[in-house]
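Novice: With the hints as a guide, bring both chains together as one complex.
Protein chains in written order, with the numbering used here: chain A, 858 to 1114; chain B, 2 to 253.
Hints listed in this document are in silico derivations from the structure and should not be mistaken for laboratory results.
Treat the hints with care, since some could be wrong.
To be verified - Taking CB as the label site, the calculated pair distances span:
1) A:L865 x B:T171: 54 to 64 angstroms
2) A:S893 x B:K191: 34 to 44 angstroms
3) B:D142 x A:M1043: 55 to 65 angstroms
4) B:D142 x A:E864: 49 to 59 angstroms
5) A:G1088 x B:D187: 37 to 47 angstroms
6) B:G17 x A:F1029: 28 to 38 angstroms
Claimed, not checked - Pulled a few chain B residues facing chain A out of the computed Cβ check, cut under 8 angstroms:
7) F16
8) A18
9) L19
10) L55
11) Q110
12) H111
No experiment lies behind these values; they were computed from the predicted model shown.
Beta carbons are placed, not taken as given, at the ideal position from N, Cα and C, and that holds for glycine.
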Amino acid sequence: MINKLLELLGKKTLALLREMGAVIIFCGQTFRWTFSRPFYLKNLLKQMEQIGVNSVPVVLTTAISTGMVLALQSYTGFKRFGAQSLIGAVVSLSMTRELGPVLTGLMVAGRAGASMAAELGTMRVTEQIDALYTMATNPMKYLVVPRFLASTIMMFFLSGLGMYIGILGGYFVGVKVLGTNPVTYMNQSINNTEVEDIWYGLVKSLVFGAVIGLIGCYKGFNTEGGAEGVGKATTGAVVVSCMLILILDYFLSALLW
Amino acid sequence: MSEPMIEITNLHKSFGALTVLRGVNLTVEKGESMTVIGGSGSGKSVLIKHIIGLLFPDKGQVKVAGQVLNDLDDHQLNELRKKFGMLFQMAALFDSLTVWENVGFGLKQHTKMSDKEIRAVATEKLALVGLKNVEDKMPVDLSGGMKKRVGLARAIAMDAEIILYDEPTTGLDPITADSINDLIVDLKKKLGVTSVAITHDMHSAYKISDRIAMLYKGEIQEIGTPDQIRGTTNPIVKQFITGSAVGPITAD
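Chain B with its partners taken away, still in its complex shape (with noise of 0.2 angstroms):
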């Protein structure tokens, strides 16, 4: 077997006081789609900013493509980053640039192509996404999921490797949330690249997934397919997925 895309080892991490990550251990395949579920604080977010280096571990490492991500210097890192594409939670598209210019924001940054190729690339990347005539439109007259597809088009505008998911349909209506879960799964099959998603919501993760790791109080608890997910016996991931409010996780 080739080496992984991602490997995290015993990954630690606090803010301050706040213990967020205790010793998290995850690899992901080349070509796999890994989603990591877990409630509102229990450190999804923080673990996904780890793999793309926006923020660095206080113990343990994070290895991208055979890279320990500690060790890169700023230029390095950035190389690396090229190989990424990231969707946020709210899509943070650039609300000063038009669509297209969010779209091809990475190649007038890091490529020679003039604006008129890079339109082009925009154009075909927003047709992947289900979206036409929306170029010279401005991310503020946006709907919520019509940003998202802007968003999920800039993440593979550069040809992206890795493809890291925050939360893809947090906020959407569930019939708009499903379409973008199809658009992910499309993308898996047309591009083969391999992605983290991060969410809380069941049905995408099922649905997006090869395999399902459970975060809670800063741990992995359980890795498996979405069928073995289903069917397991951690009572802290039954609890999760079957969305109960009794059980050993409580809302804290």
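Only chain A is shown next, with the shape it has when bound in the complex (with noise of 0.2 angstroms):
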């Protein structure tokens, strides 16, 4: 019974250690090929588009009631002690350094990472991967590359956007729905953030969108078997990236206060 447990325990040590082998291989070769000819640029634009332009609406919905609510919630709590005028500066705080790259990271995992693994778990399933192959074009370079770097730089544009409608969703809630001094508000606002804290944010925001990038590719292309392989890869891309932008997010945030 005990051996039983322990070979479990073994096993599953193993194959996670492998796993991250595999992981750290896969991101060490993508940062290879970023930096090496040829370049596809058609396939950067395009993932732009797909994971950038194409989560705008998701981002903003998330980002203006987040922002709201952040203003109604903090309102109600500083009311107790009188601190109302303070509320704009915990909304600009908490949007930039925290929860506009949190929150911008986790919904571009969901829907961009997951696309990512589905398409190239399909990709490769349906032997489209072996078929670049075949063509002398390295898939690393034709197709994780151009999503590995999208999802980076539009993680950086999107979580700024998030921040900035956030700050615009509180101010509407604190000031034009619960009636705080707007100049107090904005002054508060400014005053207590710096432009560091915004810097701060979007360089989470870079690092989240690696992750995104990253995982999404590393699980779409080393799917295994069939439809059911693909549903696991597309699960598997969220749940970790998921799990990374919150664990990352802590020690980011410890590194760089």
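Specialist: In structure tokens, the structure reads:
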């Protein structure tokens, strides 16, 4: 009984280590191919549209709702000790440092990460990836690098947009709905938010974008076994990249503090 | 006699605990059509993937056009792959590209031709496989047989010297399958290419091959011309070509 348990534990650990190693090798290869010719600019632009532009509605909705709720909730709390004037600062700090990047990351992982894994996974099981190899085209460069770059670059802009829209949403609720003085609200927001706070959030977004692209592609690229495999790869991509975003978020917060 | 186009020596390959190839030896002369027959899971696909460097041997070597695949770096391997065309079992057309972009994919990647020129070549190759006015269709709008034809057009678009056919007739109705066989024979006559096909369709094997090799349990059982194979005395080969459930081969 104990032996079996230990054996199972060992097997799981080994499998996990093997997978981690494979992910690291995949990342290394992606970085290497990112900087070597030929560059598939057309693929990059197409992916920037698919991952970036097409994610705008989702990111807008998430950001505006978060900003509005944040203003509403902090108003309720702060009113208890008469600090309503501070909600502008709370909203803008939270949106720039934390919620903008993390929520955008989670939404993009769900939307674009899943679609990358499903698309590459289907290409793997229908031998389209093999076909690329046979036509002397490196699929890492043709498929993975454009997706990795696009998700890194577009996360930067999406998350910037998310911050801005979130703060607008907060302003709307704080000033128009709850009746805080607009000048106080703005002053509190501006005085308490440094440019570093914004940069800090954007750097986080870049990392999250890279994670989404790499994990989505890794899962898709290594899909095995038909439709079921594609399903597993897609789920795996979303779960792993969301987990990584949340874990890395803590460490990046601690590091960039 | 000139050097063989493809020379496989003592090829071994395993995946984890599963041994697929145990010492395969196979030589394909320039301009020859070789067909490897064998049941599902006999290692045919694994064998053909070694020829174009999608898989690499655990032991033994694969030599194509005088070059040992294992010794090549990425760039050299890609150069060698440009000599190949491959028709995949399910055609493996890129479903994000139109038919003509699929056929012209290699040209787009490896030549400086304009889109207009590439399209013209694609139209010409599509005509060669009997397709007209399909250039702007998406692969998803094609029937299985048409997909195979487009895949074939793609395989010959770069004027390949070697064509690999992975189960060219599998999944097609008998008439469409036979038209694909005719096409393969036709292309061989017109283009004089070396080809390796894998199949378990004996009708197709007899029709398209100069020589047939039977792969069973990871080893070549017998190699011969279609007539020699028809008159085989090897019980394993005999059972396979007559399609009998009774004999040394068991369905496992």
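Novice: Going back to the hint list, which numbers does this structure go against?
Specialist: 1, 6, 7, 8, 9
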